Structures are given as structure tokens and as C-alpha cells.
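Asker: When you get a sec, could you build the whole thing from the sequences and use the hints?
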Amino acid sequence: MAQSARCRLLLEIGTEELPPAAVRPALEQLRRDATAALAEARLDAEHVQTTGTLRRLVLIADGLGSWQRDLVAQVRGPAARIAYDAAGQPTQAALGFARSQRVSVESLRVREIEGGRYVVAEVAEAGRPAPDVLIELLPRLVAGLFFPKTMRWAAHGFRFGRPIRWVIALLDGRVIPLEIAGIRAGRRTAGHRFLTPGPITIREASAYEDALRQAQIVLSDEERRARISGGAAELADRIGGRPVLDPALLDELVWSTEHPTPVLGTFEPTLVAALPPVVVLVTLQHHQKCFGIVDGSGVLMPAFVAVRDGGSSHLDTVRTGHEWVVRARLEDARFFLEEDRRGDFEQWNQALARIAHIAGLGTVADHVARVRRLAGWLAGAAGISETDRRTLDRAAELCKIDLTTSLVREFPELQGTIGGIYARERGETAGVAAAIEEHYAPRTAGADLPSSLPGALLSVADRAVLLAGAVLAGLEPSGSQDPHGLRRAAGGVTAVLREAGLTISLRRLFDQAALTFDAPDEARAQAVETCLKIMRARLQGMLADDGIAYDTINAVAAVGADDVPDLVERARSLHEFRAQPAMSLLATGYLRVHRILVQAGARVPREFREELLAEPAEIELYAAWCLVHPRLTEAAQSRRYSLALAEIAALAGPIDGFFDKVLVNAPDTVLRENRLALLEMVSGSFKRIADFSVLVI
Amino acid sequence: MPMAKRTQALNFQEMILALDRFWAREGCVLEEAYDVEVGAGTLHPATFLRTLGPQPWRVAYVQPSRRPADGRYGENPNRLYKHYQYQVILKPAPDRVQALYLASLVRLGLRLDHHDVRFLEDDWESPTLGAWGVGWQVFLDGQEITQFTYFQQMGGLDLDLISVELTYGLERLAMFLQRKASVFDLTWAPDATYGSLRREEERQHSAYGFEHGDPATLRALFEAHEADARRLLEIPLVLPAYDAVLKCSHLFNLLDARGAIGVAQRVELMGRTRALARACASAYLRQLTAAESMEPHGE
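Going down the list, the sequences are from chains A and B.
Numbered by the numbering used here, the letters in the first sequence go through residues 1 to 697 in order.
Numbered by the numbering used here, the letters in the second sequence go through residues 1 to 299 in order.
Hints listed in this document are in silico derivations from the structure and should not be mistaken for laboratory results.
Given the structure is predicted, the values throughout are model-derived calculations rather than measurements.
Cβ coordinates follow ideal geometry from the N, Cα and C atoms, glycine included.
You may find that some hints are simply not true.
Per the computed footprint, the stretches of chain A lying under chain B, defined by three or more beta-carbons under 8 Å from a beta-carbon of chain B, are [claimed, not checked]:
#1 72-81
#2 86-92
#3 302-314
#4 427-438
#5 568-580
One side only, chain B facing chain A, incomplete, derived with CB under 8 Å [unchecked claim]:
#6 Asp20
#7 Phe22
#8 Asn76
#9 His114
#10 Asp116
#11 Glu125
#12 Val134
#13 Gln153
#14 Leu157
#15 Ala227
#16 Arg231
#17 Glu234
Answerer: Okay, here's the thing in C-alpha cells:
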């Protein structure tokens with residue numbers, strides 16, 4: 001083996017600005033893949049790390065061997081009895097094998113492999129110098145990096161997240177002359193776009209971090225994060241406030257800057273007074289990528305923190321620029337608000353008839369009419385108060401009205417929120433305003449759920465109509481394709497029903513939702529089944545997210561998945577019960593009941609007659625069932641399934657005794673049918689909770 | 001807070017002249033605006049058609065872009081029925097295209113190190129054109145001033161040679177440079193403001209777009225131009241056919257602003273326009289390939 005020294009590998013892929021959200025995943029993948037590839041290539045490294053910004057992906061491997069480890073491999077040849085003759089001399093087979101492996105025939109050994117004796121050659125492959133290996137390995141790593149969307153930018157057709165403009169590949173001080181995307185690796189990097197424009201030469205891989213620091217590149221994302229959040233807090237503190245550090249915005253800024261410098265800006269207090277706080281905040285965060293500032297009591301202040309990618313010189317121009325733009329944006333929002341205030345519900349309602357809902361489902365006005373109708377049915381089904389019913393109906397009527405307002409056209413993310421604000425301004429009750437805003441909840445999976453009952457019912461109605469309509473229009477999701485967010489809508493329905501503890505039959509819900517569409521009965525019936533299928537998948541997903549095993553989910557769903565809170569409670573209780581010692585006897589007992597009933601086949605109805613019981617063991621089972629069944633039913637009715645399971649556990653012993661002592665398949669048909677009838681009653685009790693036969697024990 | 005000292009900002013026409021001079025020196029043909037109504041500079045044949053095929057091409061032009069639904073009767077300081085895009089196409093995309101673009105900002109009088117210039121991810125897509133690209137919005141101190149796109153597909157066709165499209169939003173850039181809160185207060189020329197030249201046009205065209213356009217006429221025109229495009233593609237006369245498609249696209253926008261398009265129809269009309277745009281792109285490329293194979297080769 002050649003003398004292997006420890007050295008440092010530096011790979012820097014210089015790009016045009018990558019999508020900020022793609023940088024961290026790319027760096028993580030690069031570290032993972034590099035670690036694996038180096039190990040596989042027999043290049044040992046003590047420490048592999050990646051770091052970078054949206055303009056550079058950096059891989060550093062410290063303590064890397066300058067040579068590959070030698071490879072020693074055993075290659076299996078012919079069986080020993082073929083390779084050597086009776087005198088122990090190598091045959092043609094052995095000679096041929098040795099030749100093919102380029103080893104001497106004397107060096108062949110006999111080894112026991114998988115019960116046979118074989119000739120084995122020890123083949124050594126001398127390690128190659130690291131650069132010879134890396135020259136192919138590194139370009140492969142880079143080409144394998146995943147980006148959500150890739151592009152071409154030059155004739156070579158290489159695909160990447162954004163164009164690659166330079167590559168550094170250094171092993172200590174030596175350039176590895178590899179090529180990536182038509183670019184020969186060198187030792188020149190670029191500094192900050194504006195702070196240190198000009199090329200920077202990296203003499204030694206070990207000098208990289210210092211060189212970049214001098215070039216004012218903040219390479220570490222943690223350091224950038226600290227500069228931004230710490231700087232923003234300090235600036236806000238100067239005016240007695242604190243920044244609203246929206247985590248998504250903070251992340252975006254960390255990954256879209258190389259030298260972040262926060263700057264404080266202010267605007268006219270009248271603008272804060274004139275606009276709903278949420279509009280100011282969204283303008284600042286989404287449109288201007290700035291942090292809002294609140295005072296000690298959480299009230300928005302007429303100030304913001306912008307983050308410049310650059311140093312602190314001429315910060316005043318930057319401040320003035322941002323202030324000018326923020327002011328223009330807020331003035332713009334105020335203009336829209338005033339324009340909207342001249343409009344009225346009637347006018348907006350008419351405009352809804354001109355906005356397309358998803359293809360094939362008519363207009364948004366049509367959708368609203370359907371939602372209102374379904375909400376009416378839901379009010380009855382959920383048995384809500386007369387006040388709630390009025391709130392729900394009015395909110396349903398107005399729920400999409402803000403879609404035609406100027407503010408929502410400008411700030412689509414505020415749909416519902418603006419509707420709620422305008423409803424309140426126009427004298428609607430707080431309940432109506434809240435339900436309008438809340439009916440979009442949950443806005444994303446896991447987000448806040450409606451807090452009011454009308455809001456929850458409206459959210460369910462909106463989603464159920466969307467789902468039923470889309471399925472009727474043939475737009476059901478397939479594979480990873482779900483352009484209309486139907487799965488998300490289904491997930492929303494399950495989450496809302498669960499949270500609100502609403503017992504609504506899903507089948508009836510979708511029957512009613514489908515009825516709001518003009519379609520042949522058959523198509524409607526089919527659509528309902530599809531909707532229920534999508535719902536069931538979401539329910540299973542939701543329960544699996546809670547850590548509940550798939551067979552538990554299947555067992556409870558097998559006896560009914562129509563009532564969401566009930567299903568959730570059964571799943572949770574069975575999940576917990578399965579950890580208890582009583583479970584195993586109960587489950588095997590049920591399996592025996594189940595098997596014999598399956599064997600016997602369904603003969604409905606089997607009539608049970610107490611007086612036909614003869615054996616003590618069957619009498620005992622019956623007696624136990626008589627005790628358990630009413631209590632179980634009562635517990636189940638109030639959804640106390642842990643209690644129901646504790647009750648039913650009392651049947652485990654009697655079931656066991658029954659099967660030990662009683663011959664179910666008695667020659668006498670009457671006795672046999674009576675015993676089967678008893679078992680059906682027992683099984684029925686179990687099925688109030690789950691089909692235990694589905695459980696994998 | 002002291003306002004930083006600034007030299008006199010360029011007026012609107014000086015900005016255009018500066019960009020013209022800059023991009024001419026970079027080898028761009030200075031085209032004129034296309035004389036058919038379009039919603040964006042990308043629809044100009046100098047972009048839509050010339051970015052197809054393997055021939056290198058560099059062009060710059062100002063394109064008045066009409067978006068009837070965005071009209072506000074000249075009352076909103078930020079919204080216009082018609083705005084001006086300064087459009088640059090560089091095909092193939094040069095390696096130093098970002099630096100080149102930044103140099104053009106310097107030409108407009110910006111000291112880049114005095115500001116915060118950012119390339120923020122923004123991918124562009126036009127379903128009507130069957131076109132998409134990847135790139136950024138360029139922000140100057142938080143103001144969006146340019147759309148910067150590497151085209152990937154045009155007319156549903158993968159591009160042989162990748163072009164970069166730079167679209168400067170002239171009004172926004174000018175408002176930023178001149179520090180004007182209303183687009184109508186911009187200085188266009190020493191004695192003319194944007195408002196003095198354009199406000200009445202905004203008012204009248206908004207009134208036309210929202211109130212007085214005659215849906216029946218517009219629809220009939222759409223049908224007529226569509227039929228014409230199809231007929232011309234048969235011959236084939238690709239360039240006149242493409243003009244007819246542009247007419248369709250603008251008529252669609254007018255009908256849409258007028259609220260005269262039924263919901264189902266909207267999708268359908270867009271689909272018809274897209275199909276024609278794609279047909280033009282394919283036909284153009286076919287003619288290009290045919291012309292190339294007929295070119296006499298040196299003896």
C-alpha cells in the first residue's frame with residue numbers, strides 16, 4: 001500500500017442564486033452522499049461536513065486519506081475436488097482460475113464456503129491516489145443532487161437548480177482537475193456580490209474558511225440566523241418593541257443572504273391605524289420580506305426590520321429605499337381597502353357568479369349556494385342551537401364574498417380573514433365574522449382548527465361540497481396528483497370533526513353533499529363511495545400519525561368508519577388496551593369464536609334460546625355475556641371504549657372454558673345452531689368496538 | 001432622518017435611452033414595440049418565435065403591455081391598463097448574464113453597493129403560451145424591478161438553445177429612482193409627466209374595458225381571428241397567423257375584463273388560444289428547419 005497522508009478535500013460549487021428552500025436539503029444530501037461514496041471508494045475521512053449559502057454549496061472532508069485503502073478480496077473459484085487431482089496437484093481448472101485472477105497457482109487456498117470446499121484466490125487491488133478517484137466521484141455526487149425543479153442553461157444540457165458558474169476542487173493545495181457542467185475546477189471563488197466583487201484565490205483547502213470570512217461571506221447558516229434574529233431584536237428594542245420573527249420568513253432570509261445586515265425602518269403611524277393589523281403584517285412579511293414590530297402589549301408599531309444582503313455602509317439609502325417601498329405598499333393596501341369599503345355585499349355576491357370554481361363545477365356563487373344548503377342539513381344533523389343555526393346560515397351565505405374584493409385579490413393568503421373583517425365592519429355579529437374567517441381552517445395540515453361550532457360546520461360543509469363536486473367532475477386525486485387539494489380537504493374534514501367531537505355520519509354527509517349537484521343518481525352514488533374511500537384513507541393517515549398501528553386502525557375501521565370521533569376513540573382505546581396483559585387471551589378467544597362462525601357460515605337469523613343451554617361452560621359464557629353486554633353497550637354509547645374493553649375482557653375466561661368443554665358442532669342441529677347463536681351474540685359485542693380477527697397477533 | 005444625497009434621477013425616456021445604448025453595445029438588435037396589442041413583451045414575435053430554434057439572437061425593445069383587467073381609470077397610483085416593459089432577449093444565455101444585468105442598473109444611475117439588490121426565486125409560466133422558465137424577480141431595496149428568466153419551453157417545445165429574458169418594469173423602476181408615489185407623477189421628459197401623457201388614455205380604456213366594450217362584437221372578432229389563424233396556418237403563413245393569435249389573446253383579455261366570459265367558456269377559450277400558439281411555434285420551427293436544409297452550402 002502506498003503511503004497515505006491525511007489531507008483536506010474542498011469542493012465548492014458556485015451557483016447563481018439557488019431557491020432558498022432548496023439549499024439546506026441539497027447540503028444535507030451532499031453530506032450524506034459524500035460520506036457514503038467516500039466510504040465505498042475506500043477513501044477514509046475523519047470528518048465530512050457541508051455548509052454554504054444560496055450561491056455556494058461547500059463540501060469539506062477533513063482527515064481524508066490521500067490514497068485509497070488497498071482492496072483485498074477473496075474470489076471463489078472451482079470446487080476443490082475439481083481443482084486438484086487425487087495426488088493433490090492442481091488441475092487445468094485450477095490453473096485456468098489462477099490465470100483469470102492474475103495470481104500464481106501456488107497462492108490459491110481451499111476454503112469452506114456454504115458447506116462446500118472451494119478454491120479461493122486472494123486478489124489485491126492496490127489503492128489509487130485520491131485525486132484519481134475523486135475526479136470521477138465528485139462530479140457524480142453533484143449531478144445526483146436533487147432539486148424540486150431543475151433547469152438547463154447551456155448547450156451541455158446539464159440540469160441543476162440554477163446555473164453553476166464556478167467550481168473549486170482542492171486536495172490540500174492541489175487542484176483536482178475535474179469537470180462539472182462544462183466547468184473545469186480551479187481555485188477561484190467569488191466573494192460577496194456587492195461587498196467583495198472580484199475573484200478570490202484559494203491557495204490551500206485549509207485557508208478556505210478564512211478567505212471567505214475575509215470576503216465577508218457568512219458561511220454558517222447558524223451565524224446568519226443569529227445575525228438576523230439578534231440584530232432584529234436589538235433594532236426593535238431601540239424603539240421599545242420586539243420583532244415578530246415569523247419562522248418561515250426567518251428561514252428564507254437565512255438561506256437567501258450571504259452577509260445579512262438588519263436595518264430598521266419606520267413609516268407613518270396613520271398607516272397602522274388605517275389598516276387591519278394582519279394586512280400590515282402580511283404586507284411586510286410576504287411582500288417585503290420584512291419583520292413587523294410589536295410593542296410590549298403586542299400592538300403593531302409603525303416600524304419594521306428589513307434584512308439587507310450586504311454590509312452596513314450606506315445603510316441609510318437602503319433604509320430610505322425600503323421605507324419608500326413599504327409606504328407605497330401600505331398606501332396601496334389602503335387604496336384597496338377604501339375601494340372595497342365603497343362596495344357592498346350585494347355587489348360582491350353578484351361578482352361571485354362570474355368567478356369560476358374548479359373546472360366543471362360552475363361558479364363560486366354556485367358553490368356557495370351548495371355549501372349553504374349542506375350547512376343547513378349539518379345544523380340539523382349536529383343538533384345545534386337556534387342562534388348557532390342563524391350564525392351558520394349567514395356565514396355560509398357570506399363565506400366566499402371576499403374573493404372579489406380588491407384586498408383579497410392583492411393578498412390571496414388573507415381570504416376569509418378579510419371576509420371576517422369586512423363582515424364585522426358591516427355590522428354582522430362576531431360569530432358570523434369568526435365563522436367566515438374560520439371556515440378556511442385548517443389552512444394547512446396540522447394548522448389551527450375552527451374554534452366555534454358554526455365555523456367548524458361551515459369548514460366541513462365547504463370541504464364536503466368541494467370533494468363531492470370534484471369527484472363527480474372526475475377530478476379525483478390519483479397517485480401524487482391532487483391539483484385541487486382534495487386529500488387536504490378530506491384531511492380537513494376529519495380533523496375538524498374530530499376536534500369538535502361532532503358525530504356526523506360521513507355517508508350521510510356525502511350523500512347530502514352529492515345531492516347538491518345535478519347528476520344522475522347512479523353517478524352520485526358512485527361519487528359518494530369514492531369520497532368515502534378518500535375519507536377513509538385520510539382517517540387512516542390521521543390515526544397512523546398518532547402512532548396507532550395499522551392493524552389496530554383496520555380492526556376498528558372494519559366495524560365502521562362513519563363516525564369520526566367514535567372511530568378515533570375506539571382506535572385510541574384499543575391501541576392502549578393492546579399493551580395490557582389481558583389482551584392476548586381475549587384476542588385468541590375471539591379468534592376461536594370468529595373461526596367457528598366463519599366455518600359455520602352465515603345462516604340468518606339464528607335464534608338463541610336460553611333453555612337449550614345444557615353444558616355448564618356454555619351456561620357460564622351466557623351468564624358472563626348477560627352481565628357484560630349491557631355495560632359494554634352503555635360504555636360504548638358514551639364513547640368510553642377503554643371501559644368497554646375492560647368489560648369485554650371479562651369474557652376471555654368463559655370463552656376459553658366454553659371451547660375446552662363444549663362441542664359446538666354437536667350432532668344435534670338444534671343444539672349446534674343454538675351454540676352458534678350464542679357465539680354470534682358474543683362476537684357482536686366485540687364488534688361494537690373492533691373486528692379483532694383483523695389484528696395481527 | 002437625513003435623506004442620502006442623490007444625483008438627479010433619469011427621466012422615463014432617458015432610462016429607455018440608457019438601456020437602449022447599453023444593450024446595443026452588448027450586441028442587441030434594437031427592435032421596436034410590436035404593433036399588435038399584447039399583454040406582455042414575451043408575446044412579441046422577437047421573443048416568442050425567435051427564441052425557438054438554434055440561431056443565436058440578441059434583441060431589446062420597449063413593449064407597451066395591455067392588461068385590461070388591471071385598468072383603474074387612472075385613479076390608482078400603482079395600477080395601469082397599459083404599462084411599459086423593457087424587454088431583452090439574450091440567446092444563448094451568456095455565462096456572465098447576471099453581471100451584465102447589474103451593469104445595466106449602474107447605467108441607470110444606481111450605485112449597487114448603496115442598495116440592497118437581490119435575486120429572489122421566481123419561476124415564470126404562461127399557460128396560454130405553453131411556456132415556462134426558471135429564474136428570479138430582482139428586488140431593489142424591496143422593490144421588484146425586473147423579471148429574470150431562463151426560458152426552458154416555448155409553445156410547448158423544449159428549447160434548443162436556452163435564452164435569458166430580462167423584463168424591466170419601467171414604471172416601477174422609474175418610481176423608485178425618481179421617488180414618486182404615483183406613477184402619474186413620473187417625469188417622462190423635462191416638460192411632460194407620465195400622467196400628462198397617459199392618464200386620459202387610462203381613463204378611456206378602463207371605461208372601454210369595463211363598461212363599453214361590446215361583448216358580441218368582441219366575441220365575433222375572436223371567432224374571426226381564430227378562424228383566420230387556422231386558415232393561415234394551413235397555407236402556411238406563420239407570421240400573419242401568429243398576429244391573428246395575438247389578436248385572439250387580447251380579445252380574450254378584453255372579454256374577461258368585461259366579465260363577459262362564462263366560467264366554462266373561459267377555460268375553453270384559453271385552451272383554443274393556447275392550441276393556436278403552439279401550432280404557430282411548431283410551424284415556425286418547421287419552416288426554420290426547412291429553410292436551413294435548403295441553404296446552399298459552400299463549394
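Asker: Hints numbered earlier in the text: which of these fail when held up against the supplied structure?
Answerer: Violated hints (numbers, rising): 1, 2, 4, 5, 6, 7, 11, 13, 14, 15, 16, 17; every other hint is consistent with the structure.
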